[in-house]
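What follows is the residue order along each chain.
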Amino acid sequence: MKGPARKDSLAVARVASSEIGLARRFVARYLSLVGMPALLVVFLALTVAIHPQFAAFDAQSLAMGALPLAFAAAAQSVVLISGGIDLSVGSLIAVANVLAARSMENATFGQSLGLAALILLAGATAGAANGLLVVITRVPDVVITLTTGFIWGGVALLILEKPGGGAPDQFLDLGAGTSLTEWLSNALILLVGAVAVIWIPVRATRPGLLLYAVGSDRTAAFRSGIRIGQARLLAYVLGGLFSAVGGLGLTMTTGIGSPLAGVYYTLSGLAAAVIGGVSLAGGRGGLVGPVIAAYVLTLIPADLIFLNIDPNFGQVIQGTLIVLVVMLGGLLTVLRSRR
Amino acid sequence: MSTPAGSADRRRLRPAIGLAALVRNRTVAALSLLLLAFVLGIELARPGTVNAVWVSNTILFAAPLGILAAGQTLVMLTGGIDLSLASVATASAYLMATHTSHGGVAAVLAGLAVGLAVGVVNGLGVAVLRVQPLVMTLGTGLMTQGVLIVYSQKLLATGPHVPAFIVALGSGKGLDSIPIDLFLWAPIAALMVFGLRRTGFGRLLYAIGDNSEACLLAGIRVWQVLLVNYTICSLLAAMAGLVIVGGTNAADMSLADVYLLPSVAAVIIGGTSIFGGRGGYAGSIMGALMLTVLNSLLTLLDAPEPFKQILYGAIILVLAAVYTRLTE
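Those protein sequence lines, which keep their order, are chains A and B.
Per the numbering used here, the very first residue in the first sequence carries number 3; after that it's consecutive.
Per the numbering used here, the very first residue in the second sequence carries number -9; after that it's consecutive.
Derived by calculation from the structure, the hints in this document are not laboratory data.
Here a beta-carbon is modelled for each residue, glycine too, at the ideal position from N, C-alpha and C.
Hints are all accurate, no fakes.
Simulated restraints on C-beta separations:
(1) B:Leu290 x A:Gly166: 27 to 35 Å
(2) B:Thr238 x A:Tyr266: 19 to 27 Å
(3) B:Ala304 x A:Gln113: 31 to 39 Å
(4) B:Asp242 x A:Pro203: 42 to 50 Å
(5) B:Glu33 x A:Leu326: 51 to 59 Å
Chain A on its own, in the form it takes in the complex (with noise of 0.2 Å):
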């Protein structure tokens, strides 16, 4: 993984010191910004197609639906960006989930809010598990993500047996309500919101920067004398923070926690990430497009539902987007490479 990973920076590097260079970059910059929400209107448009009856129930729904994945893609999209990969986002939104739903059974709307601030906490804590065991004992990332994902799926199953506990309906409604407008639901508020209050202020200062240095090229940016453990720890650490949001959110939309959630999040996490355009070498993307990338794929089993197509298709058709997108990447390079 470290040699594309150096090839590419240098090719950024290349490409840069040019004035084509840079148009070349802008068009890319604003092709990943534009094409994923093109990608979902056209989505939105067919399911509209097919379903003429769309209203702002089946709106709500959607983003519902796509709130705990649209949090597992973001949390891979951090981890992905500073070189890493977080192959534990599944079973930590699990373990939220299930300490959520545990805790909050018979609480007050007060207590459940003080008891979600704890549980991001422990989302937090947990990221920082992960980085610190990457960093400290330079075992490669998926090993140690693939073994603390089983960690914490042991944890959920600890904590809840089987499907079950609850919420009060004040907090469930956080997520799963309408406060403003009936096609304004919570739960996309929510995602907004939260996307936006971690994301920006680490993408607007420092801690970000370092965090796309150290992806795009960790030798490079140890040479600048950027502390790389501490970049790819914090990259952890919102990727903890952002699993244990959307462990809470699931927690609001489907009521209940369920401790064998897990795996279908990594997975679809990871593929919402590299549909919406972050590069699994490091140090390319953004937050935007896989949290809408993320709307996508919950898009499509609805679709198929509409259409009257067996919904597991849904499943088939997911691998292969993840694969063409990917294989499309990988044929741009190597036509790029032979030019």
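Dock chain B against the given chain A, drawing on the hints supplied.
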């Protein structure tokens, strides 16, 4: 695909099969000691457990994991990883079980065909289009699973049926309590150890894992090697699926899911580097045996399933950390 090796090279590599090599290769020797410690632990926890039947059972359960780990070793040596293994194994088992009406041979071929198909797709993606193996195999795994679910729902009338010879393969014992699946695993293991050490193809895998760019410059058709490699890996997974379904005697949609992480873990425990170019199958065998023994130890101690999962993960973490420290 064999390249003539230098005579000095050949002399050095000649006695590389069998017990002597195991002892010389320190990784494997250390692993054997660790395995022995595990077995001792079991005997201490429950005296009288370790006997011929226990050993035979351990091998019986380790064989499918060992075969999966063989495929995983091949791709990890080239710096890749295959996360579609479990889906391929499940799909192969299911397809085999739903084609028994066409005869045993046809059923087995149907199962292996899944491996061939997914393997070729994986190989094309990774080798020709240069998609990261992790993503490629993740995607094909999802696709395989999805296709399988759709397929299974079209087949409500004729349910899956596991034929007797597959059950015998996966759970039977022959010739005085030798597990029958060993007769599949042992040749595969011999081929793997021999092939990796002594054939041109095997050495190409190490070379590509070490530095694929250099291989390309040296005139090696890297993409062909990788394509064949991913195909072999998926075929091995398909075979493992048949053994697994023989053991459970029921083909379901999540049959081999539990084997995905252990297949990676066995290879890592066995000392094969996740960056490629270093390691071998002998270590993976030890890894598979160790994970199986550990599993039976935890079962003996009556550990609840989630707790088992946590401990399992923790042990892999510690071993991986120790390895990285030792080999760096």
